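Now for the letters of each chain:
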Amino acid sequence: MKFPVFPIDQDPGSNFGELLKRVGLSPFAVYANVSQLDIPHATTCVAVRCSGGVVMAGDRRATSGNLISHRTMEKVVQADDFSGVAIAGAAGPAMEMVKLFQLQIEHYEKVEGQPLSLEGKANQLSMFVRNNLPAAMQGLMVVPIFAGYDEHIDQGRLWDYDATGGRYEETDFVATGSGQLHASTVLRVSWRSDIGVNEAIELVSRALWEAADADSATGGPDVLRGIYPVVASITKDGFTRVPDSDLAVIYSAITTGVQQR
Amino acid sequence: MNMPYYVAPEQMMKDRADFARKGIARGKSLVALQYSEGIAIIAENPSNTLRKSSEIYDRIAFAGVGKYNEFDSLRVLGVRSADLKGYQFSREDVDARSLANQYAQIIGQTFTHEVKPLEVEILVAELGMTPVADQLFHIMYDGTVIDEKPFIVIGGDTDTIKTKVAAAFKDNMSLQEACKLARTALSSDERVLTASDLEVTVLQRNGSRRCFKRLAENSLATLLN
Numbered sequence: 000m001k002f003p004v005f006p007i008d009q010d011p012g013s014n015f016g017e018l019l020k021r022v023g024l025s026p027f028a029v030y031a032n033v034s035q036l037d038i039p040h041a042t043t044c045v046a047v048r049c050s051g052g053v054v055m056a057g058d059r060r061a062t063s064g065n066l067i068s069h070r071t072m073e074k075v076v077q078a079d080d081f082s083g084v085a086i087a088g089a090a091g092p093a094m095e096m097v098k099l100f101q102l103q104i105e106h107y108e109k110v111e112g113q114p115l116s117l118e119g120k121a122n123q124l125s126m127f128v129r130n131n132l133p134a135a136m137q138g139l140m141v142v143p144i145f146a147g148y149d150e151h152i153d154q155g156r157l158w159d160y161d162a163t164g165g166r167y168e169e170t171d172f173v174a175t176g177s178g179q180l181h182a183s184t185v186l187r188v189s190w191r192s193d194i195g196v197n198e199a200i201e202l203v204s205r206a207l208w209e210a211a212d213a214d215s216a217t218g219g220p221d222v223l224r225g226i227y228p229v230v231a232s233i234t235k236d237g238f239t240r241v242p243d244s245d246l247a248v249i250y251s252a253i254t255t256g257v258q259q260r
Numbered sequence: 000m001n002m003p004y005y006v007a008p009e010q011m012m013k014d015r016a017d018f019a020r021k022g023i024a025r026g027k028s029l030v031a032l033q034y035s036e037g038i039a040i041i042a043e044n045p046s047n048t049l050r051k052s053s054e055i056y057d058r059i060a061f062a063g064v065g066k067y068n069e070f071d072s073l074r075v076l077g078v079r080s081a082d083l084k085g086y087q088f089s090r091e092d093v094d095a096r097s098l099a100n101q102y103a104q105i106i107g108q109t110f111t112h113e114v115k116p117l118e119v120e121i122l123v124a125e126l127g128m129t130p131v132a133d134q135l136f137h138i139m140y141d142g143t144v145i146d147e148k149p150f151i152v153i154g155g156d157t158d159t160i161k162t163k164v165a166a167a168f169k170d171n172m173s174l175q176e177a178c179k180l181a182r183t184a185l186s187s188d189e190r191v192l193t194a195s196d197l198e199v200t201v202l203q204r205n206g207s208r209r210c211f212k213r214l215a216e217n218s219l220a221t222l223l224n
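Chains A and B supply the protein sequences, listed in that same order. Under numbering that gives the first Met the number 0, the first sequence has 162 at position 163, and the numbering climbs by one with no breaks. Under numbering that gives the first Met the number 0, the second sequence has 53 at position 54, and the numbering climbs by one with no breaks.
Simulated from the structure, these hints should not be mistaken for lab results. All of these numbers come straight from a predicted model, not from anything done at the bench. Treat the hints loosely; a few may be bogus.
Have a look at the derived ranges for each label pair, beta carbon to beta carbon [said to hold, decoys possible]:
{"id": "1", "chain 1": "B", "residue 1": "Ser207", "chain 2": "A", "residue 2": "Gly12", "range": "19 to 29 angstroms"}
{"id": "2", "chain 1": "A", "residue 1": "Glu17", "chain 2": "B", "residue 2": "Val191", "range": "39 to 49 angstroms"}
{"id": "3", "chain 1": "A", "residue 1": "Asn122", "chain 2": "B", "residue 2": "Asn171", "range": "43 to 53 angstroms"}
Positions of the beta carbon are idealized from the N, C-alpha and C atoms, including for glycine.
Let's have the full structure, built from the sequences with the hints guiding it.
Below is the structure:
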């Protein structure tokens with residue numbers, strides 16, 4: 000390894016993406032037309048604002064065409080202590096984007112000596128999505144959700160994105176991916192402004208259940224293998240992943256409800 | 000044709016070393032030492048915003064004395080190098096020894112080739128999984144690297160401070176004992192340092208990924224009382 004020293008006018012400052020470009024490791028390569036290839040795709044993710052924070056959730060399935068390529072993908076990822084990213088779209092670029100995003104947040108904090116604001120992080124992610132646009136045009140679309148707890152206003156905040164890097168702050172809830180329509184319908188019907196963290200966890204579990212029920216690319220709870228969606232709450236206590244044992248109880252209540260219809 | 004004056008290499012190195020030493024001696028010193036939960040870095044630093052010690056990576060900290068702008072740009076280089084290495088390979092491949100060598104290269108190169116040597120001395124500390132695996136590297140203004148344990152003193156009047164630390168150092172001290180020891184060592188007979196004169200950071204073996212922590216002034220004040 001050699002120290003990355005740059006002339007002053009080419010110094011990347013605290014921008015990790017720029018630093019990667021300067022040393023010839025740019026991850027935002029233009030891909031050949033890959034839309035014909037069966038690239039694994041990740042699907043439904045949701046996030047809702049609740050009292051004292053946000054709750055995020057994502058199913059675990061990745062599909063290549065009509066085949067299931069992974070059953071245990073983790074699409075909801077902790078970005079730092081008080082924020083998380085959920086991703087839908089082409090799994091490879093999406094995972095790379097999340098990795099880079101985590102690094103960028105940490106890199107900025109270390110170089111500058113203080114963390115980025117929540118809004119700053121949301122904006123940064125939007126630039127990553129925009130940089131991926133050439134790949135998106137060729138079939139490698141990545142559409143994330145960003146959510147976190149804003150310490151300055153003691154409240155949860157959430158954003159969704161489009162393939163061009165468009166960044167939209169949502170006040171209540173958001174869903175992305177192939178099961179988006181079904182999941183967001185559940186959220187729209189049941190979300191209330193005073194919803195608590197535990198109720199929100201039940202609500203997102205329900206939303207993913209309905210999405211999996213109607214969309215073949217979204218995975219439901221896999222009781223046989225003990226695989227449940229990734230659900231996490233982000234509050235002033237930080238990012239907490241809901242344990243599978245809690246989700247098992249929630250999903251068994253949902254299945255019982257469905258049986259009794 | 001003008002003939003350049005001949006200066007003996009010994010004389011040139013000595014002049015440069017004297018220059019760098021003088022610059023470093025103008026600043027305040029710092030102490031890094033092992034304590035029961037990890038490594039503590041205690042610096043005399045009246046500024047609350049211009050830091051002497053900071054985070055490089057999950058288990059690696061950096062500290063510098065001397066000219067602020069010079070050691071701060073070295074710090075940023077370290078963060079970049081570590082983040083790049085972790086991105087390219089794996090987080091566990093980032094280590095202090097390799098960083099210390101890179102620092103030694105760049106500081107040594109500047110010492111012999113540039114108009115002015117860097118007026119800095121730096122410390123690179125890595126927290127091991129066990130105290131035995133902890134590493135403390137001291138890199139001098141001319142690029143000399145020394146690994147020292149269980150404590151390092153860098154800065155101007157290090158001999159006096161070193162003697163004081165060595166006399167009072169014990170294994171497995173609490174953070175409070177470590178801070179008090181360093182405070183006493185850094186204070187002079189005329190002036191006893193208070194929490195607002197000190198900057199304390201720690202690499203703490205607490206099971207989390209990022210081990211670096213900065214102590215707030217009020218919690219340091221409680222520790223020192």
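Note whether the CB distance of Glu17 of chain A and Val191 of chain B lies within 39 to 49 angstroms or breaks it.
Given range 39 to 49 angstroms: holds, Cβ gap about 46 angstroms.
At the C-beta level, are Asn122 of chain A and Asn171 of chain B separated by a distance inside 43 to 53 angstroms?
For Asn122 of chain A and Asn171 of chain B the Cβ distance comes to about 46 angstroms; the hint holds.
Range hint 19 to 29 angstroms (beta carbons of Ser207 of chain B and Gly12 of chain A) holds or violated
holds, 28 angstroms
Comparing the model with each earlier hint shows no violations; every hint is respected.
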